[in-house]
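**Q** The sequence shown runs 849 to 1243 under my numbering.
These are calculated hints, taken from the structure and not from any lab test. Hints are not guaranteed to be accurate.
Unchecked claim - The calculated EDC-like cross-link candidates involving lysine to aspartate or glutamate, where the alpha carbons are at most 20 Å apart (straight line), are:
no., residue 1, residue 2
1, Lys884, Glu916
2, Lys1161, Glu1180
3, Lys893, Glu1153
4, Lys1135, Glu1145
5, Lys888, Asp929
6, Lys879, Glu932
7, Lys1005, Glu1039
8, Lys915, Asp935
9, Lys870, Asp898
10, Lys1078, Glu993
11, Lys1111, Asp1091
12, Lys1175, Glu932
13, Lys1044, Glu1002
14, Lys893, Glu860
15, Lys879, Glu855
16, Lys907, Asp935
17, Lys1068, Asp1091
18, Lys884, Glu860
19, Lys1150, Asp1098
20, Lys879, Asp912
21, Lys1158, Asp1098
22, Lys870, Asp850
23, Lys1163, Glu1153
24, Lys973, Asp1083
25, Lys944, Asp1131
26, Lys884, Asp935
27, Lys971, Glu993
28, Lys1075, Asp1091
29, Lys879, Glu860
30, Lys1161, Glu1145
31, Lys888, Asp935
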Amino acid sequence: MDPERYEQLKQEIIAKGSNTYKIINNNLFVKHVIWKRVIKDPEHKRIIRDVHDLAHSGKRRTLDKIKELYWWPGMMNHVADYIESCDSCQRDTKPKHQNPLNPIPISGPWEIVGIDHVGPLPKSKEGYQYIIVAQDYLTKWPIAEPTKTTNQDEAIKFVRDRIMAVHGSPKQIITDQGAAFIRHHWDQMMELWKIKHVTTTAGHPQANDQVERLNQTIVKGLRRTLKSRKECWPDILQLILMDYRALIQDTTGYSPSQLLYGKQIRLPIESDFEARETEEDWDKTLKKRIAQLDLIEPNQVKAAENIKAKQAKMKARYDKRIKQTVKFQVGEQVLLYGPKRTKLETTATGPFRIRKANKYNSYELELLNGTPYLTVTGTRLRHYKDRSGNVHVDI
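Please build the complete structure, drawing on both the sequences and the hints.
**A** Given below as structure tokens:
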């Protein structure tokens, strides 16, 4: 309460009396079911601080505790403002908003390729600890090979020898922000090969979730196949991929082999249990193969339509259940949230400043001194409300 109004009320009560207010030990009390002490400015700040900072309770509990004993005009807003600007509470409260799903438009085979690393895995006798994985976004055909590191030189060689030399140069490669994919030499080669490189935002790999799911399938297959001698995983990696290439994919309605070669690949079991019609006549065999090849392009078109329909259903289902996306403006201060390493660790670093807003709710951050920092998805950000005006960068 304004100090002048506080003293004025006291004088009125002394002169006229009141059923609503009374004075006890020269302090003003108001009757709200029980008598509560009226607090004048700026004493309310200390009361809020002492009650809230004891255990950093939320708005409702802090307000309820204060209201047991005290009253002043606007106390609800004062409590809310204090807690919303509490540095400790802001750092420990994760953002709840999510991005709407933005499916990647599908074009022709090997035009869009996702690449990622898996590992570290048990070290093989050859020294392999990682797998570099690639997948075509249309046919779903997977490529993977063991590597000793996750450095850019191995990644560049993989793109050149296993993708470009076999399937041609992609229009676009999608990766996370792993060290191999954000180095200068990698960027130089992408520019030289005229490949657009798109990175997923840090901590938000869903934009490359197709390869993420393939990674999980590979690791699960290796884990379940190798009951012992886990270090032998490079010996069976390609068998896991062979099985995957023969599987009908939910999103396309075809196997990767059908979309790339027009027919299913032959599995080892077929040597003992032949299940396909065989032709001994060369002319008939040739005609059959030509018919299969003629179906590749129509099947790819149908697969692209199936993918688009699946993406639309998934987006509608996903967007319906997410919380509304929060938009951040250039110049606003934010906290950046990540995983906790221990139970008592806070989840946020910063504050940072929004340097640039990109498409799909992605933001470029900078330190408060203007130094560029990181590009992240908006779901990892939360507005930072500074109480004192003195902000310190905590990285």
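**Q** Hints first: check each against the structure and report whether it holds.
**A** Against the structure, the hints come out as follows:
At most 20 Å may separate the alpha-carbon atoms for a hinted pair to count; Lys884 and Glu916 meet this at roughly 8 Å. For the suggested pair Lys1161 and Glu1180, the alpha carbons sit about 35 Å apart, so the restraint of at most 20 Å is broken. In summary, the hint linking Lys893 to Glu1153 is not supported, as the alpha carbons are separated by about 61 Å, beyond the 20 Å threshold. At most 20 Å may separate the alpha-carbon atoms for a hinted pair to count; Lys1135 and Glu1145 meet this at roughly 17 Å.
The suggested pairing of Lys888 with Asp929 holds, with an alpha-carbon distance near 17 Å, which does not exceed 20 Å. For the suggested pair Lys879 and Glu932, the alpha carbons sit about 29 Å apart, so the restraint of at most 20 Å is broken. For the proposed pair Lys1005 and Glu1039, the alpha carbon gap of about 15 Å is at most 20 Å, so the pair holds. This hinted pair does not check out: Lys915 and Asp935 have alpha carbons roughly 24 Å apart, beyond 20 Å.
About 26 Å separates the Cα atoms of Lys870 and Asp898, which puts this hinted pair outside 20 Å; it is violated. For the hint pairing Lys1078 with Glu993, the CA-to-CA distance comes to about 16 Å; that is within 20 Å, so the pair holds. Of the supplied pair hints, the one linking Lys1111 and Asp1091 holds, its CA atoms being roughly 14 Å apart against a limit of 20 Å. Proximity of Lys1175 to Glu932 is assessed by CA-CA distance (about 18 Å); at most 20 Å being required, the pair is judged to hold.
With a CA separation close to 19 Å, the supplied pair Lys1044 and Glu1002 stays within the 20 Å bound. This hinted pair does not check out: Lys893 and Glu860 have alpha carbons roughly 26 Å apart, beyond 20 Å. Between Lys879 and Glu855, the direct Cα distance comes to roughly 18 Å. Compliance with the 20 Å bound is thereby established for this hinted pair. With a CA separation close to 14 Å, the supplied pair Lys907 and Asp935 stays within the 20 Å bound.
For a cut-off of 20 Å, the pair hint linking Lys1068 to Asp1091 stands: about 13 Å separates their Cα positions. As the CA atoms of Lys884 and Glu860 are separated by approximately 18 Å, the hinted pair is consistent with the 20 Å bound. A hinted pair counts as satisfied when its Cα atoms are at most 20 Å apart, and Lys1150 with Asp1098 qualifies at roughly 13 Å. About 16 Å separates the Cα atoms of Lys879 and Asp912, which keeps this hinted pair within 20 Å; it holds.
Restraint check for Lys1158 and Asp1098: satisfied, since their Cα atoms lie roughly 9 Å apart, inside the 20 Å limit. Between Lys870 and Asp850 the CA atoms are separated by roughly 17 Å; this keeps the pair inside 20 Å, and the hint holds. For the hint linking Lys1163 to Glu1153, the alpha-carbon distance of about 15 Å falls within 20 Å, and the restraint holds. The suggested pairing of Lys973 with Asp1083 holds, with an alpha-carbon distance near 11 Å, which does not exceed 20 Å.
The straight-line distance between the Cα atoms of Lys944 and Asp1131 is roughly 64 Å, outside the 20 Å bound, and the hint therefore fails. Using a Cα cut-off of 20 Å, the hinted pair Lys884 and Asp935 is violated, with the two alpha carbons roughly 30 Å apart. At most 20 Å may separate the alpha-carbon atoms for a hinted pair to count; Lys971 and Glu993 meet this at roughly 14 Å. About 19 Å separates the Cα atoms of Lys1075 and Asp1091, which keeps this hinted pair within 20 Å; it holds.
Distance check on the hinted pair: Lys879 and Glu860 sit about 16 Å apart at the alpha-carbon level, within 20 Å; holds. Proximity of Lys1161 to Glu1145 is assessed by CA-CA distance (about 25 Å); at most 20 Å being required, the pair is judged violated. Between Lys888 and Asp935 the alpha-carbon distance is near 25 Å, which puts this suggested pair outside the 20 Å criterion.
The structure fails to meet hints 2, 3, 6, 8, 9, 14, 25, 26, 30 and 31 from the earlier list, while all remaining hints are met.
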